Amino acid sequence: MSTTTKRVPRFNGKRNRLARPELLAPAGNLEKLKFAVHYGADAVYIGGQQYGLRSNADNFSFEEMREGVEFAKKYGAKVFVATNIYAHNEDLEGIEQYLKNLQEAGIAAIIAADPIIIETAQRVAPNMEVHLSTQQSVLNWKTVQFWKEEGLPRVVLARETSFEEIQEIKNHVDIEIEAFIHGAMCSSFSGRCVLSNHFTDRDSNRGGCCQSCRWKYDLFLEGAPVNEEGEDPFTMGSKDLCMIEHIPDLIEVGIDSFKIEGRMKSIHYVASVVNAYRQAIDAYFDDPEHYELKQEWLDEINKAANRPLNTGFFLDVPGTEDHIYTAEEKPAPYDFAAVVHDYDESTQFATIEQRSHFTVGQEIEFVGPGGRFFKQTVSELTDLEGNKLDVARHPLQKLRIRTLKPVQPMDIMRKKIK
Amino acid sequence: MSYNPELLATAAHMDELEKLIDAGVTAIVVGEAKFASRLAGQFDLDMIKQATELAHSKKAKLYVSMNNLIDNATVDELPQYIQSIQSFGVDAIVYGDPAVLMAVKEHAPGMKLHWNAEMTSTNYATAEYWARRGATRFVMARELNMEQIVDTKQKSAIEIQVQVHGMTAIYHSKRSLVQSYAEHHQQRDRYAQLQQAAGLYLMENDRPDERFPIFEDEYGTHIMSSDDICMLENMHELLDARVDSFKVEGILKSVEYNVTAVKAYRAVIDAYLADPDNYEFDESQLEPIRELQDPGRELSFGFFFKEQVY
Ligand code: SF4
Numbered sequence: 009m010s011t012t013t014k015r016v017p018r019f020n021g022k023r024n025r026l027a028r029p030e031l032l033a034p035a036g037n038l039e040k041l042k043f044a045v046h047y048g049a050d051a052v053y054i055g056g057q058q059y060g061l062r063s064n065a066d067n068f069s070f071e072e073m074r075e076g077v078e079f080a081k082k083y084g085a086k087v088f089v090a091t092n093i094y095a096h097n098e099d100l101e102g103i104e105q106y107l108k109n110l111q112e113a114g115i116a117a118i119i120a121a122d123p124i125i126i127e128t129a130q131r132v133a134p135n136m137e138v139h140l141s142t143q144q145s146v147l148n149w150k151t152v153q154f155w156k157e158e159g160l161p162r163v164v165l166a167r168e169t170s171f172e173e174i175q176e177i178k179n180h181v182d183i184e185i186e187a188f189i190h191g192a193m194c195s196s197f198s199g200r201c202v203l204s205n206h207f208t209d210r211d212s213n214r215g216g217c218c219q220s221c222r223w224k225y226d227l228f229l230e231g232a233p234v235n236e237e238g239e240d241p242f243t244m245g246s247k248d249l250c251m252i253e254h255i256p257d258l259i260e261v262g263i264d265s266f267k268i269e270g271r272m273k274s275i276h277y278v279a280s281v282v283n284a285y286r287q288a289i290d291a292y293f294d295d296p297e298h299y300e301l302k303q304e305w306l307d308e309i310n311k312a313a314n315r316p317l318n319t320g321f322f323l324d325v326p327g328t329e330d331h332i333y334t335a336e337e338k339p340a341p342y343d344f345a346a347v348v349h350d351y352d353e354s355t356q357f358a359t360i361e362q363r364s365h366f367t368v369g370q371e372i373e374f375v376g377p378g379g380r381f382f383k384q385t386v387s388e389l390t391d392l393e394g395n396k397l398d399v400a401r402h403p404l405q406k407l408r409i410r411t412l413k414p415v416q417p418m419d420i421m422r423k424k425i426k
Numbered sequence: 011m012s013y014n015p016e017l018l019a020t021a022a023h024m025d026e027l028e029k030l031i032d033a034g035v036t037a038i039v040v041g042e043a044k045f046a047s048r049l050a051g052q053f054d055l056d057m058i059k060q061a062t063e064l065a066h067s068k069k070a071k072l073y074v075s076m077n078n079l080i081d082n083a084t085v086d087e088l089p090q091y092i093q094s095i096q097s098f099g100v101d102a103i104v105y106g107d108p109a110v111l112m113a114v115k116e117h118a119p120g121m122k123l124h125w126n127a128e129m130t131s132t133n134y135a136t137a138e139y140w141a142r143r144g145a146t147r148f149v150m151a152r153e154l155n156m157e158q159i160v161d162t163k164q165k166s167a168i169e170i171q172v173q174v175h176g177m178t179a180i181y182h183s184k185r186s187l188v189q190s191y192a193e194h195h196q197q198r199d200r201y202a203q204l205q206q207a208a209g210l211y212l213m214e215n216d217r218p219d220e221r222f223p224i225f226e227d228e229y230g231t232h233i234m235s236s237d238d239i240c241m242l243e244n245m246h247e248l249l250d251a252r253v254d255s256f257k258v259e260g261i262l263k264s265v266e267y268n269v270t271a272v273k274a275y276r277a278v279i280d281a282y283l284a285d286p287d288n289y290e291f292d293e294s295q296l297e298p299i300r301e302l303q304d305p306g307r308e309l310s311f312g313f314f315f316k317e318q319v320y
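Sequence lines, in order, name chains L and R.
Per the numbering used here, the very first residue in the first sequence carries number 9; after that it's consecutive.
Per the numbering used here, the very first residue in the second sequence carries number 11; after that it's consecutive.
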């Protein structure tokens, strides 16, 4: 990845309502929500127990939603709920009550695709905004206009739109535009893939997708495989989207909300990615003239990434380089080792909670919002009673560790995976 | 009003169109790549005009598919295209993007609109929603089961169309996946051959009996089902439910096959309508279809009798 030094603005779109683009992060559960907000998300989107895709994520109860909203409020952040399924007849019962409950829980907006969910929300929960989900695969300004006339303040565009197309949409319609800027992507148009339905009887448009596009296939031409059968297989899997190198363009084209994908992703992933984009956006607004992409931001993202990255459709239609044909998927190079609960300046010991195995002598890093960062090795480690330890074995065990520099609650301690 | 459901088919060219009408369809859908995907063949405006005249002279209806996800560049071309279609007397436009609905309302008011968003037209309330916005027909997603289809028909006033025969679209990407794969293999030269080939299909490693046709056009890559829906023997359930239109999808099939399928459905529908109470399916009506069926492709009930989870 190259570092941009000087740049001439390419786009000139207008932003609606929001002075700075919103940084919108995924949160698969309450704890992830807290980290996303703490690391700089202006809004988070979560799943409730019904009507959302990602039926495998441990979704929020209304009680947890209220707690999440309370927490977010302290940071001035909002909570959205994805109600983005295409409903079947039997799903419709109970939808009114569900939407009312969301409104009562303080949810700022739902993200919906099925027109009947949109219309019902507008009727029964008028204080909650309705944003059009990317599941509608909106590519053009006329369709954006349609949804605006339907009363929607915001549209999430199809991931297939380019910078130029977004610019044109912004020029035609005065509406908030949300766009995915980071994360895994369907290689199909959203909502236009039922591979999982066919392979496993799981309904992808109700959250049952089993990532069949990343399975291995052979391509046959008139009865003969194009490749050696089983070798170098065909897949539809795409690289993950990453637009950290194009923050000025994203801002100048007028995208109102920068969306990060990944309700199934770890705390470490969400915190790292949010942290990087937060810093990049703020750096641009602080001084657009002298904005420079920082290597640290790229590093943050790469430490949490488990797939190769690309720029999706923003610059061009993805080609050969943008697909994953071989097993390029690997665990992220770094892992969450512990979270900081407290720091005692007098002793220079932090109280931490273990999240994965680490040992004395191991190289670790501490990361906090805004780019606070340092490396050290684990030197002194004790339990809460002060007994010396060589290894942190037990998940969620509280420990004390000597740190090289002061740390703060919710700072992340991570380790390199060997 | 007496119940006389429509039998609808796709046509690859004028000759097939005529043969299918003679075989018993009461409506044909055609279109061109600029506005529609997954067509059996290409009909430009002149051909659409001719097709409309031909269909009308044989008392059949002619629909034009505009089922693409529309991009900005195409938005500007919608008004003229739609106006031309209207001037030919085309009976309805099939659409899946609200941009088409907007353009029809502005430039060709009165034109009938069939909402067909493929896999995302999944419930009766959404059918009603599109009816309130001006759609006259709701094309049901192929991933629904019999119960859901019957329930939708009972609960909504809008016309309901159900695909009863042929393959279905299961995946659409804007990416050129075949081309990318050919390049990945450094077989760029082979790509033209690959793209032209009708016989291109995918096989998933654990499912060696299933072949999924794959093809590319200027809007990306399409993957089709490995089975062909065949609801011939269960037509009475759909007829009992008063489904308004039955579609035989003819993409990637020979004219002979499609004509045979249409004849079978025509016979079954006619037999049912003649005496619904005593109608019984005659197994032998399946034979001609079975004879022409590609042995590599299963005749199935699609999702009609499936329970899906999520
Ligand atoms: S199989 Fe792939 S393309 Fe299809 S819905 Fe799932 S992730 Fe998206």
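Hints are computed from structural coordinates only; laboratory data are not their basis.
Note that the structure is a prediction, hence the values are computed from the model and not measured.
All C-beta atoms, glycine included, are put in the ideal place defined by N, C-alpha and C.
One should not assume that every hint holds.
[Stated by the list, open to error] Residues of chain L placed beyond 12 Å of chain R at every Cβ, according to the derived structure: (1) H254; (2) E304; (3) K383; (4) E388; (5) L407; (6) I425.
[To be verified] Calculated pairs, DSBU-like style, for lysine-lysine (alpha carbon to alpha carbon, straight line, at most 30 Å): (7) K156/L / K316/R; (8) K156/L / K44/R; (9) K224/L / K316/R; (10) K44/R / K108/L; (11) K224/L / K122/R; (12) K247/L / K122/R.
Now the hints, each set against the structure:
1. H254: With a cut-off of 12 Å, H254/L remains clear of chain R, as the shortest Cβ separation is near 19 Å.
2. E304: Its Cβ never comes within 12 Å of chain R, the nearest being 32 Å, so this holds.
3. K383: Correct as stated: the minimum Cβ-Cβ distance to chain R is 39 Å, above 12 Å.
4. E388: Given that every Cβ of chain R is farther than 12 Å from that of E388/L, nearest at about 50 Å, it holds.
5. L407: At roughly 41 Å from the nearest Cβ of chain R, L407/L sits farther out than 12 Å, so the non-interface label holds.
6. I425: holds, 29 Å
7. K156/L / K316/R: violated, 37 Å
8. K156/L / K44/R: holds, 26 Å
9. K224/L / K316/R: With a Cα-Cα distance of about 25 Å, the restraint between K224/L and K316/R holds, given a limit of 30 Å.
10. K44/R / K108/L: It is violated: about 43 Å lies between the C-alpha atoms, which goes past 30 Å.
11. K224/L / K122/R: violated, 43 Å
12. K247/L / K122/R: violated, 42 Å
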